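A.B. asks: Same order as they appear, the protein sequences are chains B and A.
Each residue of the first sequence is one higher than the one before, starting from 3 at the first, in this note's numbering.
Each residue of the second sequence is one higher than the one before, starting from 46 at the first, in this note's numbering.
One should not assume that every hint holds.
[Claimed, not checked] Computed footprint of chain A on chain B, listed as stretches where at least three residues anywhere in the stretch have a Cβ under 8 angstroms from a Cβ of chain A:
1. 153 to 167
2. 208 to 217
3. 233 to 243
It should be emphasised that the hints constitute simulated quantities derived from the structure, not laboratory data.
All values reported here derive from a predicted model rather than from experimental measurement.
Quick reminder that beta carbons are idealized off the backbone N, C-alpha and C, glycines included.
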Amino acid sequence: MDWLEEQRQHLQALSDFSDRLIDGLLTTIQLTLLGGALAFVVAVALGLMAGAPSLWLRGPARVLIEFFRGISLLVLLFWMVYVLPLFWMANPDLPGEGLVRNTFLIGVVALGINYGAYGAEAVRASLTTVSQGQWEATTALSMSWPHKMRRIIFPQAWALMLPSLANLWVHLLKGSAIVYILPGVNDFTFELNNLRRPTDIWFSHALVGLVTYFVLALILTIFMQALEARAKHKLGRGPSLKEILSPDPPAIAPDAASSSTATLSTEKGSQARGETDASQTTGGGAR
Amino acid sequence: MPTPTDPAPAAVAEPAPASSAEPPVIEFVDVEKRFGDNVVLKDLNFSVRRGERVTLIGPSGSGKTTILRLVMTLEELTGGYIYIDGEPLTHQQRDGKRVPVPKKQQKKLRTRIGMVFQQFNLFPNMTVLENIIEAPIHVLGQSKKDAVAKAHSLLEQVGLPDKAEAHPTSLSGGQQQRVAIARALAMDPEILLLDEVTSALDPEVVGDVLNILRQVADTTNVTMLIVTHEMAFARDVSHKVMMFDGGRVVEEGHPEKIFTNPEHERTQKFLSAVLGES
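Whenever a hint applies, use it, and build me the whole structure from the sequences.
C.D. replies: Take a look at the structure:
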């Protein structure tokens, strides 16, 4: 009976705290979305630079990637919150003091560049995974580097990089919890700590925290899987999103669905291709 | 660009139309290509006149494909010079030194060269039509209307008029290769490089693709450099056959002569092996 009584108190505390928990949840979601958006921009920019033919682009990109991958997020946050403002204290005339004092912004930027550096590696790697023949075809058609990248190579690499980026985004979501050390950023983890006081750590973190973060991560994963399915369909592999989401999915192999008019030799060919594709992108299988 | 007249269907191996005044369309001078310590081509000198169709034959590893890839600038030239229409493609001599040519110049020359690959290499993220019009619009600066009209007529020419909106992955290998030929021709190349274009195809569709290439040879004046194992095709369309072995030209000459009465023992052996098999 004690145990039941305790649970009732915990649920009462949960409902008392629900407003603050929802505020914290929104902060975490904002950090994840804005940090993720910045990380994506950083990843694509640095990844393209790191894959560029010119050493003047490749060199700086490598330095930045290695640096921001190498330093821990925690250290980066400390620097940005406690060391960066010192420059403004020493030189009160410097513009932009409001920005360095905005701890939420600092959280977004730190998450963005830290995870962006990881993402850059995924972007660069997937660019090199696009088959050599595709690169050669663009050369044979005299396409400039920006042109072939934008129109041919990146759209194909996109399908390959999505699983890695999805991974990193889920990491970023969970990594965003570390931002609760910043003064003034009351994210979900911060509020969980408040909830822990009237309840206990089992209830706050191991139950409410676990379930909430898991559901958030699940939403991200499903979203990214949808993006990946769409990207693959655009490359002529796998069913379209519409087909996947239709309530009555055709019970045949996805490859056969799109080319019912194919001859025998075509099917042989596309099967062989499908196999090599599958070996290239393990982990992104059909669902 | 003056185009020598050759409107009649190019009968088998007529001498290539050319005027002696203009420089060769392709000229190799002391070309050497090595991958690390492995010398693939050595002291290679030959030239191809405008409108000439030259087939390179020889065992695999003899450097035939490397020659095409050097012309397409897919490989770096490690020694010697290649001239396109008399202009240096990759390196030139200046003050007695071998220096790379400016990138801009190379790009300009490269637009005159088209290539069809063994593995087709169509862009899977685009439809057939988009594959064909992408470079004419964005590289040559053609209007979309012109490029689309040209693409449709080329698709007609390669026998795929109804596949413009199809996805490359939904096409058979033979169909993909025909689209790849149309894509290369859409750039109006002076030089067309054909790198074992039928080697990845099912035997039954090889004939279709070769017939399209025969037709291109008959109706245009494009200079062709061909690597193929289809000896009958080589005999039909080429003005000259060059036999390679170990990175050197063993024998070259009129296809009729090479195929019926090869002088060199190496050529005899190679041809009896290749022809005996089929």
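A.B. asks: Would you mind marking each hint as holding or not holding in the structure?
C.D. replies: Hint by hint, here is what the structure shows:
no.	hint	in the structure
1	153 to 167	holds (count 4)
2	208 to 217	violated (count 0)
3	233 to 243	holds (count 4)
Consistency with the previously given hints fails for number 2 only.
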